[in-house]
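Turn these sequences into a full structure, and let the hints steer you where they fit.
From first to last, the protein sequence lines stand for chains A and B. Sequential numbering from 3 applies to the first sequence in my numbering. Sequential numbering from 434 applies to the second sequence in my numbering.
Watch out, some of these pointers could steer you wrong.
DMTMM-like cross-link-like pairs, simulated, lysine to aspartate or glutamate; straight-line CA separation at most 25 Å [stated by the list, open to error]:
1. Lys601/B with Asp585/B
2. Lys193/A with Glu485/B
3. Lys554/B with Glu518/B
4. Lys193/A with Asp592/B
5. Lys132/A with Glu144/A
6. Lys595/B with Glu496/B
One side only, chain A facing chain B, incomplete, derived with CB under 7 Å [unchecked claim]:
7. Thr178
8. Val179
9. Asn182
10. Leu197
11. Gly200
12. Gly201
13. Val203
14. Asn205
Rather than coming from a laboratory, the hints here were simulated on the basis of the structure. In this text, a Cβ means the ideal position worked out from N, Cα and C, and glycines have one as well.
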Amino acid sequence: MAKTITNYFEELRGTRVWRSVFRSGTGSSPLHRALAVQQNVFLHLFSTKVRTRMLSFSTTWYLGTLTLGTFLILVGTGIPLMFYYHPSVPQAYADTKDLQFVVSSGLFLRNLHRWSAHAMVFLVFAHMFKVFYRGAYRPPREFNWVIGVILLLITLLLSYTGYLLPWDQLAFWAITVGSNIASAVPVMGNKVHFLMLGGNVVNANALLRFYVLHCMILPLVAILFVAIHFWRIRKDGGLYAHQSEPKTVAAQSVPAVTKGVPVQ
Amino acid sequence: MSEEKKITPAENGNEFNRRAFFVKLGLGSLSIAAAGTAAFSYQFLSPNVLYEPSPIVNAGRPENYAVDSVTLDVNSGIYLIHAQEGFFALSAICTHLGCLTAWKPELGEHGIIACPCHGSKFYVRDTGKTPGEKIEGPAPKPLPWLQTSLSDEGDLMVDRSKQIDPMKFLRV
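Here it is in structure tokens:
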């Protein structure tokens, strides 16, 4: 009997090695499907079951997923860019130009990084507008809205810190203006300004500080809060439904498993 | 076991039992450690030595500046102005958000200083107005007057870290 690719795959899923990695085993019953999600370190943040309607484009316009997509592109392009960029005053601008004109695919990676950064800021705002106008920020999801606001701030800070790194005139004056806004903080404004720049003017210390924030601290904080954000979607009863059920039911925090249907 | 022996010191009105003591000791030590970490981090992040340009600028020979001239040095961010009353220096850094302003001799009756970022404008040579005073725009303060002096060699020196009262001219 001729075996189809599906048969081979089913056989593979039955092997001992496969089952040592993925414990849910063969079969496609609702239980197996649920276990496949629940027992995967990446997928277990999500609900094991969702309404198919929740996965349609019109419900969310996929704005949150697209935001995550741009973030992953930014990580994926940012790390290669770090191989050619030195965060020092004599080299930063020259390295940026080298990435554009000397390094193979450097121009592509740099532009992808830049455009994705712009897209991410746009998508975060679009996502927040969509959530706001659908009313999805209301209880029991109000804390996830707060997490979302923190993620907005992290996104803006990532954008801001990345802006200095090309070390051109635009970068220098944008950070000069931006850091002077921080000086307007009452009482401790000048201290904040000094700590932020590591000095009184935008100089070598500021470049290095912004680099470390941009490449290390802020992405790690962003990943932490993205994880909480996704986990809270499940804990708050899955994606927000607003037409199919009475308001009283929609307002309650019902576990997704008890009210959902399997993903088709 | 009698009833009296089961009563813990806490229930007996004595709130100091062993567990509460260790909880307080632990939380206390952690709080001290957290405060120490905060202080340490603050000190660590504040540079003790700065490799920034000196605030004192040598502006060269006074005779290089004609009477009634306004000269902008873009590298040090100062204007050196030779007025009828004498020399004075204005900061060229806008008091709004720190942009570098520009001397616009063609604007106004006697020329003005204008900021390209958010449109603040300042008087320089208009009679009855203090040089540095704001004409319009978001700048919260006038452009500060900076301390000027003559070096031993007779060069004009400007100290950007020292602001002085307006209308104090340096006569050479």
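Checking each numbered hint in turn, tell me which of them this model violates, lowest number first.
When the structure is compared with the hints, none of them turns out to be violated.
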